[in-house]
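**Q** The chain contents come next:
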Amino acid sequence: MSGERVSSSFRDPSGSLFTLDGAIYRQVNEEYKAHYDQLIESGLYRELAEAGLMVAHEEVAASPLGVQGAYKVLKPEMIPFISYPYEWCFSQLKDAALATLEIQKKALDHGMILKDASAYNIQFLRGRPVLIDTLSFETYVEGHPWIAYKQFCQHFLAPLAMMSLKDVRFNQLFRIYIDGVPLDMASSVLPYRTRFSFSMLLHIHLHAKSQKRYEDVIIDKQKTPSKMSKQSMLGLIDSLESVIKGLKWSAKGTEWVDYYQDDSYTAEGLQHKLRLVNQLLDMVDCKTVWDLGANTGVYSRIASEKGATTVSFDIDPACVELNYLEAVKNGDSGMLPLILDLTNPSPRIGWANEERMSVMDRGPADLVIALALVHHLAISNNVPLGRIAEFLAGMGSHLIIEFVPKTDPKVQKLLATREDVFPHYTQEAFEADFGTLFEILRSEQVRDSERIIYLMRRISQ
Amino acid sequence: MMCTLIVLCLMVLSTSKSYAYIDPGTGSYLLQMIAAGVLAGSFFVKTFWRRIKQGYQRLLSKRQTK
Chain A
1 MSGERVSSSF RDPSGSLFTL DGAIYRQVNE EYKAHYDQLI ESGLYRELAE AGLMVAHEEV
61 AASPLGVQGA YKVLKPEMIP FISYPYEWCF SQLKDAALAT LEIQKKALDH GMILKDASAY
121 NIQFLRGRPV LIDTLSFETY VEGHPWIAYK QFCQHFLAPL AMMSLKDVRF NQLFRIYIDG
181 VPLDMASSVL PYRTRFSFSM LLHIHLHAKS QKRYEDVIID KQKTPSKMSK QSMLGLIDSL
241 ESVIKGLKWS AKGTEWVDYY QDDSYTAEGL QHKLRLVNQL LDMVDCKTVW DLGANTGVYS
301 RIASEKGATT VSFDIDPACV ELNYLEAVKN GDSGMLPLIL DLTNPSPRIG WANEERMSVM
361 DRGPADLVIA LALVHHLAIS NNVPLGRIAE FLAGMGSHLI IEFVPKTDPK VQKLLATRED
421 VFPHYTQEAF EADFGTLFEI LRSEQVRDSE RIIYLMRRIS Q
Chain B
1001 MMCTLIVLCL MVLSTSKSYA YIDPGTGSYL LQMIAAGVLA GSFFVKTFWR RIKQGYQRLL
1061 SKRQTK
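These protein sequence lines map, in sequence, to chains A and B. Here the first sequence is numbered in the working numbering, starting from 1 and rising by one per residue. Here the second sequence is numbered in the working numbering, starting from 1001 and rising by one per residue.
Read the hints as simulated data drawn from the structure, not as lab findings. Heads up, some of the hints might be wrong.
[Claimed, not checked] To spell it out: a stretch of chain A is covered by chain B in this simulated footprint if at least three of its residues, at any positions, have a beta carbon under 8 Å from a beta carbon of chain B; those stretches are: (1) 144-153; (2) 210-218; (3) 271-284.
Quick reminder that beta carbons are idealized off the backbone N, C-alpha and C, glycines included.
Build the full structure now, drawing on both the sequences and the hints.
**A** This is the structure we're talking about:
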């Protein structure tokens, strides 16, 4: 029996990740022994795991993987849903950045340092950011600069500054630049006034200039070792922490953020819809729920309160921001709000298109919620109902879905400025197209509206 | 230019004792060296000022409780 190597695990020679029988294992290679031992014996691992800053693991006595060169094999706690920085809202990326710096400070206290600072090494577990790469540490040698400084600035500071000071949608650059936002790009995009902030001047503008100036310089490695005192290192971390804490973004003024304050439902209709979704969720034994077009997560929270690991997707970064802040405030450990454009969902990216998973690779969920969504896909994006049914059938085995008919004011609004080329968009056609892939278990009209909510079960193929 | 040459001469990217696998980037590495003194100084002033502030606050709260 042998494990299957995780496709994204190839850069770091310290070890590698494997999966076996649905569990994940991390091999620690012999050459990383001294650093791993220090992580454990210095008490750093325990402190980080107890603080919820690092994923906990157990050492597996005998290697179940059948691989060579292993010093140890670890079995880390599973992350219920892997997410990526291009799916995070502003505060998620900011919290991940601050968690990374907190880990760095604790590491320095224990004579170690982060040898990488990738945003992909942070995941959300029980609602909070945790480091998942146990092999991210090495022994700190006083005098040496921080190897991962460039990576930290590219993965955290530059995108956060661009999101905060220019446009929150700049986090989508992560989909193009696998190793973070190029600093010369950040420097050219950021407002001129950022040059008058010492930290921004140093970490972004001078950093970009320095990269450009020395890109072709070959350094003589035989010269006297360089010196960067521990005080300087702490100053560097403190400077990064201060500038990141100072970056803010306020979620307001987008199309969707006031959705529940608009006139889509009467007060009674909204209460009825909430009760109905609650009842339908009770009819399915679901451990994982994906709520598509979740807005600020009103319905996701019902699923999360029932104990389901709930991924709450929305296209609007402001909605996801509010959803995340609410989840943090409530200590809602089952919720994971994420940004997702369903018309262009997260693809596989990275080396050989295998480093980062597509959203479909991360499924299927036990149940998918798609409320007040179908008309946007079918009418705003011209996706035929049958194609929507196929897409949703690939995402989960059960479906709570709302059909919004053409007579609804929201659909009328979508059709107001364009020709109605959707003769097939009817309740009968909807039921027929979804009926080829799903069995309709229950349907009910939302009070004071013509909208209908269905519970469906995917027909086994 | 002279300053750069001096920094370059002092500079070594030797990572033989570490287990680094990512490229630190020459410019990123050098920048930390160049800014090291300023970073250490500002951190010293900041922590020093914080201690004075904390000490003053402790003194103030002691007087208020008396």
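**Q** Each hint should be assessed against the structure and marked as holding or not.
**A** For each hint, the structure was consulted:
For a cut-off of 8 Å, the count of residues in the segment 144-153 of chain A with a CB near a CB of chain B stands at 9, and the three-residue condition holds. Coverage of the segment 210-218 of chain A by chain B holds. Counting CB-CB distances below 8 Å, 7 residues qualify, and the rule asks for three or more. With 0 residues having a Cβ less than 8 Å from any Cβ of chain B, the segment 271-284 of chain A misses the three-residue criterion, and the hint is violated.
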